[in-house]
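**Student:** Take a look at the letters that make up each chain.
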Amino acid sequence: MPAISVDTFFACSLMVLLVLSAMAGASKLLYPHISNAVDANISERYGSVSKYLLLNDGKPSNWGQDYEATLQDFGLAKANSDNPYELDIDKVSRLNNENLYAVSYAQMFTAFQMSDVSFRMELEPIFEVVLNLTAAFEGANETSYEFEILTEKQGIPVQVELKCYVIAENYLEISHAGVSNGRTYANKTISNDVSGPALLIVLAKSVSNPKIVSFSAYPFAHNSAEPRPRGTFLRLSPLNYTLNVSLVSLETTLSDAYALSFNGSSTLTQTANSNQSATYDIPHFRDPSSTLIVVAGWNSTSFFTEWTAYPQIPLQTGMNFESTAALSNVFAWTYLVSIELALYKCTVWLGGPRE
Amino acid sequence: MKNQNRGQIRIIEAFLAVLIIFSSLAISANLSVTQNTKASSGLASIGLQVLLKLDSDGSLARYIDNEDWHTLRDSLNLVLSAGIAFDLTVYNDQMQQVNTDVVSNGDFSSQDIAFVEYACASQGSDFHCYIIHLYLAVAT
Chain A
1 MPAISVDTFF ACSLMVLLVL SAMAGASKLL YPHISNAVDA NISERYGSVS
51 KYLLLNDGKP SNWGQDYEAT LQDFGLAKAN SDNPYELDID KVSRLNNENL
101 YAVSYAQMFT AFQMSDVSFR MELEPIFEVV LNLTAAFEGA NETSYEFEIL
151 TEKQGIPVQV ELKCYVIAEN YLEISHAGVS NGRTYANKTI SNDVSGPALL
201 IVLAKSVSNP KIVSFSAYPF AHNSAEPRPR GTFLRLSPLN YTLNVSLVSL
251 ETTLSDAYAL SFNGSSTLTQ TANSNQSATY DIPHFRDPSS TLIVVAGWNS
301 TSFFTEWTAY PQIPLQTGMN FESTAALSNV FAWTYLVSIE LALYKCTVWL
351 GGPRE
Chain B
356 MKNQNRGQIR IIEAFLAVLI IFSSLAISAN LSVTQNTKAS SGLASIGLQV
406 LLKLDSDGSL ARYIDNEDWH TLRDSLNLVL SAGIAFDLTV YNDQMQQVNT
456 DVVSNGDFSS QDIAFVEYAC ASQGSDFHCY IIHLYLAVAT
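These protein sequence lines are chains A and B, in that order.
Position 353 (the first sequence) corresponds to 353 in the numbering used here; numbering is contiguous.
Position 136 (the second sequence) corresponds to 491 in the numbering used here; numbering is contiguous.
FYI, nobody ran anything at the bench for these hints, they're computed from the structure.
Bear in mind the structure is a predicted one, so any value in this text is a computation, not a measurement.
Don't be surprised by glycine CBs; every beta carbon is placed ideally from N, CA and C.
Heads up, a few of these hints could be off.
So the derived label-pair ranges between C-beta atoms look like this [stated by the list, open to error]:
{"id": "1", "chain 1": "A", "residue 1": "8", "chain 2": "B", "residue 2": "375", "range": "50 to 58 Å"}
{"id": "2", "chain 1": "A", "residue 1": "137", "chain 2": "B", "residue 2": "456", "range": "43 to 51 Å"}
{"id": "3", "chain 1": "A", "residue 1": "66", "chain 2": "B", "residue 2": "437", "range": "38 to 46 Å"}
{"id": "4", "chain 1": "A", "residue 1": "176", "chain 2": "B", "residue 2": "456", "range": "26 to 34 Å"}
To give a feel for the contact side, a few chain A residues facing chain B, derived at Cβ under 8 Å [what the hints assert, rightly or not]:
{"id": "5", "residue": "20"}
{"id": "6", "residue": "22"}
{"id": "7", "residue": "70"}
{"id": "8", "residue": "126"}
{"id": "9", "residue": "157"}
{"id": "10", "residue": "208"}
Can you build the whole structure from these sequences, using the hints too?
**Tutor:** As structure tokens, then:
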């Protein structure tokens, strides 16, 4: 074989080999960038959609208050608001399944008018309040309870001012628990003449910004059996500053109802009642705080308390992406939103078919 | 002799072709810069929204008027997610730095840093205009 043929064969083989390896290398190097570019475009689109959910007031714009209106366009912003990311207290409350007037995911999805986008929303206070009953001392005339109050955000202590309410049968105690650096203890003493179960409600307000608030409730036995889970006796549905109370059992009778905020409290007046429900007016506190609503009553001879918040949070609504994450492009965004002067954290998940 | 040189020229051609192909690979590696820009814009959006919310009731300008840098830092710490590092600088309308304390929650070891410029005005009787520079990064 002549030398030139060997050289040419060697050169061609080298070229083919290196071109193939370069192509393989190029595709391996570029694939994640091309794939990420597609993901980035989807992410950008979903990001805009998530903002639209919170900046658009929907149609009709008062669909939160008017539960009889047909929801045509889904959006949570407060109508005619000057502040971006200000949500409507009633639209938010209607996302909570505990509310009698809650909109279903099917209704939201239809009104959202994006057939290729599924969504999920969570709304909660920026930090959390955790209550633990650490000790109980029973005396001849009264019983003292010691509660640990933790205020933290993702495990980091938050400095707050605290307000405590204790509610039992014909009993309401209001106390200011002072400033906490993230962990404090509160002692509550209740006369043994008072029947329970009792309910401790704690409202917390950040020292650095009074619009950042949170709350928690802790039912506990006092001269009574252990308290039953929430929703056993009543279904509380606040909407349009009116509380609708639905009785779960016909043996239930209502006694007192309270609206509690950080700087104020009020006993609610019943405006209507039937054998299955009752309504109360909720006062409009000009206070950057969630309003906690407590309704007490008897089921046969057992005393009970039920509570909810207005806006009715924390809430989770929408599609559950955990089972479909492998099949879908799912993105999440967290926003700082305001509802009636107070700030909350809203997380929006959006997902669609993987492209 | 002439035929033998033709074979050597083809080897040189092969090496030139390889050089061109690998140089194209080197250029394509720069595409990753675009991805960082996208990630930074997400952080910048979060920063802008947080400043907007703090400013909605005048809190932001009040912290600056009162030179309450500690409270401003605590507020930002609370409203931003735990994994986000921030560094904030306040300038007056002459672009002179106003904050005397550092308003930050950590060091910026991340390469992906977002920048937000925000203007706010005090709501008191004395009008002051401030320009805020907020740097954000994912804490590592």
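**Student:** Tell me, in ascending order, the numbers of any earlier hints that this structure violates.
**Tutor:** Failing hints, ascending: 1, 5, 7 and 9.
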